[in-house]
Amino acid sequence: MRQAVIVSYARTPIGRAKKGSLKDTRPEEFAAAVLKDLVRRTPGLDPAMVDDFVVGCAMPEGEEGMNMARLIWLLAGFPVDVPATTINRFCSSGSQSIAWAADVIKAGSADIIIAGGVESMSMVPMVGNKLT
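Quick note: the sequence shown uses full-length UniProt numbering, first residue 1, plus one each step.
What the hints contain is simulated information worked out from the structure, not anything from laboratory work.
Some clues are possibly wrong.
[What the hints assert, rightly or not] In silico DSSO-like pairs for lysine-lysine, Cα to Cα no more than 30 angstroms straight-line:
no., residue 1, residue 2
1, 36, 19
2, 36, 23
3, 36, 18
4, 106, 36
Bear in mind the structure is a predicted one, so any value in this text is a computation, not a measurement.
Use the sequences and the hints to build the structure in full.
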């Protein structure tokens, strides 16, 4: 069986939800900046070589709705012919995207996949029933 390896990684600063300096930063714009920097820092990685881009998102609604992975990939200015998909597994969405990428590579269906997670608790609607 083939092996899957992590070649590079990147992360963002953590802010305070609804109060911090990042509260008005759209998650896809923030993630696109991180993605561009990741590719820039990874020697020999051409975005056109990527077989898939997968992002986990715990709350794919409101500002994080639709296909966040596709939005991030295109905002980064990368080739439109590279597919991108968003995975939801609530609090383990980012981890699930990495596990999925590793499984696909080990199965021989892809060689290069960029995977990770995105979330902005300041941007998602947090509502619920008011119990009285």
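Hint-by-hint comparison with the structure:
Under the criterion of a C-alpha separation no larger than 30 angstroms, the hint pairing residue 36 with residue 19 is consistent with the structure, at around 27 angstroms. Our distance criterion of 30 angstroms between C-alpha atoms is met by residue 36 and residue 23, whose separation comes to about 21 angstroms. Our distance criterion of 30 angstroms between C-alpha atoms is met by residue 36 and residue 18, whose separation comes to about 26 angstroms. A hinted pair counts as satisfied when its Cα atoms are at most 30 angstroms apart, and residue 106 with residue 36 qualifies at roughly 26 angstroms.
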